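Novice: Each chain is listed here by its residues.
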Amino acid sequence: MAHIDLISLTKTYPGRIRPVLDGFSLNIASGELVALLGPSGSGKSTLLKLITGIERPDTGDIHFDGKSVLPVAPNKRGAVLMFQKAYLFPFLSVAENIGFGLKVQGESPKTIQKEVARLLDIIGLPGVEKRKPSQLSGGEQQRIALARALIVQPHLLLLDEPLNSLDPAVRMNLQETIRRIQRELKITTILVTHDLSEAMAMADRMALLINGQVAAVDQPMRLFQQPPNEAAARFVGITTFLKGSLAHGTLRTDYGNLMVNTNGHMANSALFAIRPEHIQVQQHPGQNAIPGKVVGCMYRGEHIEYQIAASGLAIRARVPMPAAMVPHGENVFVVFPQEYLFAINEQSVRHSSTT
Amino acid sequence: MKTLPAYTMRFLLYGVLAAPLLLFGLYAFSEHWFFPAFLPKDWTTAPFIRIVADAQTGKSLATSLGVAFLSSLLSLLVAFPAARTLGLQKFRGRQLAWLIFFLPMVVPPLAVGMGLNILFMRLGLAGSLFGVVLSHLVPTIPYTIFTLAGVFAGYDKNFEHQARVLGATQLRVFFNITLRLILPGLVVAGLFAFLISWSQYLLTLLIGSGQVLTLPLLLFSAISGGNPTSIAALALLFVLPPVLVIAASARYLNQHGNTVREQY
Chain A
68 MAHIDLISLT KTYPGRIRPV LDGFSLNIAS GELVALLGPS GSGKSTLLKL
118 ITGIERPDTG DIHFDGKSVL PVAPNKRGAV LMFQKAYLFP FLSVAENIGF
168 GLKVQGESPK TIQKEVARLL DIIGLPGVEK RKPSQLSGGE QQRIALARAL
218 IVQPHLLLLD EPLNSLDPAV RMNLQETIRR IQRELKITTI LVTHDLSEAM
268 AMADRMALLI NGQVAAVDQP MRLFQQPPNE AAARFVGITT FLKGSLAHGT
318 LRTDYGNLMV NTNGHMANSA LFAIRPEHIQ VQQHPGQNAI PGKVVGCMYR
368 GEHIEYQIAA SGLAIRARVP MPAAMVPHGE NVFVVFPQEY LFAINEQSVR
418 HSSTT
Chain B
272 MKTLPAYTMR FLLYGVLAAP LLLFGLYAFS EHWFFPAFLP KDWTTAPFIR
322 IVADAQTGKS LATSLGVAFL SSLLSLLVAF PAARTLGLQK FRGRQLAWLI
372 FFLPMVVPPL AVGMGLNILF MRLGLAGSLF GVVLSHLVPT IPYTIFTLAG
422 VFAGYDKNFE HQARVLGATQ LRVFFNITLR LILPGLVVAG LFAFLISWSQ
472 YLLTLLIGSG QVLTLPLLLF SAISGGNPTS IAALALLFVL PPVLVIAASA
522 RYLNQHGNTV REQY
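Line order of the protein sequences matches chains A and B.
Going by this note's numbering, the first residue of the first sequence is number 68, and it counts up by one from there.
Going by this note's numbering, the first residue of the second sequence is number 272, and it counts up by one from there.
Simulated from the structure, these hints should not be mistaken for lab results.
For clarity, every value in this text was computed on a predicted model and none was experimentally measured.
C-beta atoms are modelled at their ideal positions from N, C-alpha and C, and glycine is treated no differently.
A couple of the hints might just be wrong.
Label-pair distances were calculated between CB atoms; the ranges are [unchecked claim]:
(1) A:Arg-247 x B:Met-376: 32 to 40 Å
(2) B:Leu-367 x A:Ser-75: 33 to 41 Å
(3) B:Gln-482 x A:Val-139: 54 to 62 Å
(4) B:Arg-443 x A:Thr-126: 28 to 36 Å
(5) B:Gln-482 x A:Ser-175: 49 to 57 Å
(6) A:Gly-194 x B:Gln-366: 46 to 54 Å
(7) A:Ser-75 x B:Arg-522: 56 to 64 Å
(8) A:Val-139 x B:Arg-393: 47 to 55 Å
(9) B:Ala-424 x A:Arg-83: 18 to 26 Å
(10) B:Ala-424 x A:Gln-172: 31 to 39 Å
(11) A:Glu-251 x B:Gly-364: 27 to 35 Å
(12) B:Ala-382 x A:Gln-172: 52 to 60 Å
(13) A:Arg-83 x B:Leu-367: 21 to 29 Å
(14) A:Gly-82 x B:Arg-443: 26 to 34 Å
Please model the entire structure based on the sequences and the hints provided.
Specialist: Dropping the structure here:
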């Protein structure tokens, strides 16, 4: 519906030294769903308040379709919200809740009634108009909240961890529903979550918010497989980092020499990473293999999770089933296949000059 | 399951609470009831009607109602922003603010009344109805603030945020969402203020300088007069409005008090 530009947004709350947002920039294409991931306290909620206009940024700008919305009041911006709790107005019926946005805009009761019925159809809950919010289940309440947000035909839909309080089955179901409706109506959407799998399942792109800045932004698969820097890598579950010097396609490390694909990368000092499920564990030496000792092994159903100590390096490996379990205390070789080792930046986030 | 002892306890409790009122009832509708007669011999409504129909009684009843209504309205207006800030925000000096709001409840009313009297005389408010209403705010505001602060402590501003982004103006959010959500709390707080103002004697006497005659003042002079029938009739009249107000709001709260809680 609209493309959104968030331009170097900065926000510091009074009485705090560290900014909540520190030069946050992100562009969202029209109709795109971007997931915003970050640890708690990383400024996600603040960002949403800036976008809806409840709070003002200290510096920076917010553009909807190329035009700044900073002078526009929250009720005129067309950026709607869906929270973790449905926040349905308890004293209104379901129909009155959904129609609220149209009513305050002065639409006629007839139009409102028609639109409410249409939205109830879209969210798959026809016929609940007369009920009170308290008579609905948690998942149903969130569907109503979605309908209430969509009825005003917003430029931007903001989802603030909307499914966190639901049980897993309902949650999965609603993930699909929201994504389907978002695609059909082509609504530009920002999904705030700290659930990586939810973000990957739903988003066109994921943005990683660390210390008030975007640490990485990419398509889910790329960000998951080859994160650009250490902070992003840690966030997507990578714990094995190999540091060394690079010469002729070989990474010289304290643990041994490893063959790597350099892709023209020729720095003296280089940092490589590998996903835990790409690390192999075997009992005989080989190429790109370093010796180690199993200090922990857990059977997780779909895979075995090993913790291996190799010359001071703590390696976490996920070996897919079926595989024979190597017992605790055994000496093994850890293999880092050349095609799965990738170079990343050590410096994750641009450090602001003020700190 | 209610057991027999539980019922007995309840009836005893009601009995203890109702006994003084019952006695008033007996006195108000009888004449020449003297010791050692166990019950009055001459039943009559004449003295009760005489007192209730008295012009002065009617006027002071109206004054009392007006003063109590205005001072509860004003204390709600003053308490609302204070309670919202105290209940929703953490700020430096919050404890101090609580203490200051608490002060009128601890300082002896006589001291407050004397001070106010001097101040209001200078301002030309002494002896006026408005002066009396203002003086009643001293004891009513702390109660309204505490009640409303409790309401706001369990209040979630995201309801307002939600309404705002859906297109509602700030004014509309205030009246259609905020006020509606805390209405049960407002009713309770207003009721407190009403009852406190209603039974106020000392402040009315000091600030009103005898010009503003409320029911408690009338009742007090009747007590000095010593006619048990007059005392009883006035006392009944004095008790009636608060009882009606409480009954009405209890009914209201039973119907609407849970709407917000249901949400969670």
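Novice: Give a verdict on every hint.
Specialist: Tested hints:
1. A:Arg-247 x B:Met-376: 32 to 40 Å: This hint is violated: roughly 59 Å between Cβ atoms.
2. B:Leu-367 x A:Ser-75: 33 to 41 Å: holds, 40 Å
3. B:Gln-482 x A:Val-139: 54 to 62 Å: Holds - the Cβ-Cβ distance for Gln-482 (chain B) and Val-139 (chain A), about 56 Å, lies within 54 to 62 Å.
4. B:Arg-443 x A:Thr-126: 28 to 36 Å: holds, 31 Å
5. B:Gln-482 x A:Ser-175: 49 to 57 Å: holds, 56 Å
6. A:Gly-194 x B:Gln-366: 46 to 54 Å: Once the Cβ atoms are compared, 53 Å apart, the range 46 to 54 Å for Gln-366 (chain B) and Gly-194 (chain A) holds.
7. A:Ser-75 x B:Arg-522: 56 to 64 Å: Distance hint for Ser-75 (chain A), Arg-522 (chain B) holds at roughly 57 Å.
8. A:Val-139 x B:Arg-393: 47 to 55 Å: Hint holds: Cβ distance 51 Å, inside 47 to 55 Å.
9. B:Ala-424 x A:Arg-83: 18 to 26 Å: Because 24 Å falls inside the window, the suggested range holds.
10. B:Ala-424 x A:Gln-172: 31 to 39 Å: Hint holds: Cβ distance 33 Å, inside 31 to 39 Å.
11. A:Glu-251 x B:Gly-364: 27 to 35 Å: At roughly 53 Å between Cβ atoms, Gly-364 (chain B) and Glu-251 (chain A) fall outside 27 to 35 Å, so the hint is violated.
12. B:Ala-382 x A:Gln-172: 52 to 60 Å: holds, 56 Å
13. A:Arg-83 x B:Leu-367: 21 to 29 Å: holds, 22 Å
14. A:Gly-82 x B:Arg-443: 26 to 34 Å: holds, 32 Å
Violation of the numbered hints given earlier is confined to hints 1, 11; the remaining hints are satisfied by the structure.
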